[in-house]
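Using full-length UniProt numbering, read the first sequence as starting at 1 and increasing by one per residue.
Some clues are possibly wrong.
Below, simulated BS3-like cross-link-like pairs (lysine-lysine); rule was C-alpha separation at most 30 Å, straight line [unchecked claim]:
no., residue 1, residue 2
1, LYS381, LYS117
2, LYS254, LYS295
3, LYS54, LYS34
4, LYS202, LYS295
5, LYS381, LYS296
6, LYS491, LYS571
7, LYS296, LYS306
Since the hints were made in silico from the structure, they are not lab data.
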Amino acid sequence: MASPGTFARLEESLAAAVRGQGADPGAGLLERPKDAGRGDYATGAALRLAKTLKQNPRAIAEELAETLAAHEDVEAAEVAGPGFVNLRLTPAARCAVVDAALAAGDSFGTQEASGRKVLLEFVSSNPTGPLHVGHGRAAALGDSLARILRAAGDQVATEYYLNDRGLQTDVLAASLWLRAVPGLQGEEKPLPAGAYQGDYMKEVAAAWRRRHPGGTLPEPPWLEFAWPDDREAGARLAEIARRELGEDFEALRKYAVEALGAMIETELRGFNVAFDRWFSERELATSGAIEAAIKKLEEGGHVYEKDGAKWFRSAAFGDDKDRVLVRANGELTYFAADVAYHADKAGRGADLLLALFGADHHGYVPRLRAAFEALGHDPAKLEFDIIQFVALVNAGDRIKMSTRAGSFALLADLIAAIGPDAARLHYVLARGDVHMDFDVGRAASRSNDNPVHYIQYAHARGCSLLAKWGGRVEELPAADPAHLGDERAAKVLAELNWYEPTLRQAARQREPHRVAHWLIALAGALHGYYDHVPVLGGDEAGLPARLALVAATRQALACGLALLGAGAPTKM
RNA sequence: GCGCCCGUAGCUCAAUGGAUAGAGCGGCGGCCUUCUAAGCCGUUGAUACAGGUUCGAAUCCUGUCGGGCGCGCCA
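Construct the complete structure from the given sequences, taking the supplied hints into account.
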């Protein structure tokens with residue numbers, strides 16, 4: 001594994017040539033020309049360098065072309081237009097990727113270990129309800145990114161921050177109570193404002209009753225529950241539940257939080273997403289880490305008291321305003337816990353702390369960065385990538401998503417309707433930082449709207465060819481370029497050679513969608529090859545080369561699908 | 001009002017400051033007596049608007065218009 005492909009070697013020698021001219025090559029030196037007729041690769045480096053070097057771009061291009069033309073993989077390097085250099089690979093260099101893919105197998109494209117440790121947090125949805133389709137986007141992007149970073153050589157640990165304490169879990173406990181009181185089965189008592197209304201609470205309550213067949217809970221004081229649906233509604237309900245339930249309150253909360261956490265974990269597993277660690281906010285709190293973090297901020301002189309509360313001077317570190325750590329009533333804020341969480345992350349030796357935040361949390365980034373820096377950590381290690389919302393559409397109608405009201409489009413429903421692979425592919429088709437319209441009805445009804453079938457079908461077709469041939473791929477001789485010189489083969493080879501750059505770019509820019517779009521292009525190239533070149537029925541001499549090309553493409557499709565957490569069926 | 005993200009084909013999305021802005025779906029027209037027609041081939045059709053930066057702008061800057069999200073001693 002991990003020996004750099006043709007593209008990487010060429011880019012490095014180009015970078016060396018640029019450095020030789022006394023300039024910084026930067027990233028993305030080599031590109032692929034839109035028009036394949038210009039060659040395999042191209043670079044506009046000379047145009048970029050012209051200004052800093054104060055030279056004629058064409059003169060620079062001539063020098064670069066000369067250097068590149070001397071490269072063993074390059075057949076020709078020509079200067080074109082204002083200063084582009086177009087490269088044409090030797091047939092052998094173009095085909096080398098076929099043997100490389102077959103030799104590498106499932107680790108095709110895997111890059112050398114970078115030595116970098118990455119901690120990647122994503123989803124981290126509150127354990128108060130099932131995941132909806134918005135969480136699905138974060139799950140698909142985050143898990144794919146983890147796989148991509150690993151393939152690109154990083155050591156990645158994924159993590160889910162579980163908010164298993166605080167007011168919302170009090171409300172959750174209260175909601176369980178209201179659904180679990182004996183004798184209420186069958187009755188549809190309207191729940192008070194603030195309670196979690198979703199049907200899933202009935203299931204959790206039913207499970208709780210099965211677990212505690214003889215358990216008695218006090219009858220809720222239903223008449224007390226007439227209050228407006230405002231900010232305080234949840235707190236009022238929690239207070240009553242705590243009062244009425246006494247010791248049972250804690251047990252109910254523990255049960256509810258664990259049930260919801262397990263439910264979420266199960267849903268994610270069904271989506272092919274598994275976390276390395278579930279980080280409990282509750283454990284963080286009981287360990288005293290939050291107080292310790294606050295104390296450290298205080299020792300640094302970053303905390304002051306005002307109106308009975310403790311404030312962190314986040315504005316001194318670029319935030320819009322200062323933030324409360326400890327409220328006047330003595331309670332810690334959510335923010336305080338998050339500061340401690342990030343301090344904990346910082347102590348675990350990762351080189352990069354990556355977190356995917358929903359767009360509704362983007363305002364949180366400056367204060368977290370501020371606290372991180374104030375605690376003496378290097379803010380350059382922090383990276384927050386924002387995942388924009390998914391607007392769920394069904395045949396043109398927008399579907400509202402609200403956990404508390406219990407009306408939302410569930411991720412589980414989506415997966416049940418179109419399958420995990422189709423859902424994952426659909427999610428990662430778009431960049432994370434753009435808004436996305438997800439038309440469920442359409443994705444469910446016309447499966448061709450999702451490219452997963454196009455890609456998987458290409459894989460299955462390749463498998464079918466190899467099965468029909470019946471031989472062993474490992475025994476194929478090295479692919480002979482002489483038999484892969486046609487236009488259709490060239491398209492496939494071009495995409496195969498583009499896998500490694502795509503993977504690296506996706507990792508570097510945290511853009512899983514690049515892999516999805518590359519897969520579509522590779523699948524298209526194979527479909528075209530399949531429909532125009534008789535693989536098994538063509539001339540005998542070229543058979544091994546054609547089979548090797550198909551086998552390599554099948555392998556590359558499987559690798560790319562795996563990066564996105566999707567399967568590669570051998571039959572469809 | 002202020003801040004962040006965004007505006008590309010009828011729809012959903014691509015495009016590292018580069019060369020003629022690409023796919024899929026939809027529409028229209030072709031291709032199964034040969035390896036899976038969940039496919040292939042052709043065609044239709046777009047950078048919200050106005051300035052600016054430069055050899056070159058969908059991409060960077062300013063403004064306008066439109067959309068999403070946020071702006072609490074909630075979580």
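Here is how each hint holds up against the structure:
A hinted pair counts as satisfied when its Cα atoms are at most 30 Å apart, and LYS381 with LYS117 qualifies at roughly 11 Å. As the CA atoms of LYS254 and LYS295 are separated by approximately 29 Å, the hinted pair is consistent with the 30 Å bound. Of the pairs offered as hints, the one joining LYS54 and LYS34 holds, with about 28 Å between alpha carbons and a cut-off of 30 Å not exceeded. For the suggested pair LYS202 and LYS295, the alpha carbons sit about 42 Å apart, so the restraint of at most 30 Å is broken.
The suggested pairing of LYS381 with LYS296 holds, with an alpha-carbon distance near 20 Å, which does not exceed 30 Å. Restraint check: the Cα-Cα separation between LYS491 and LYS571 comes to about 24 Å, which is no more than 30 Å; the hinted pair holds. Restraint check for LYS296 and LYS306: satisfied, since their Cα atoms lie roughly 19 Å apart, inside the 30 Å limit.
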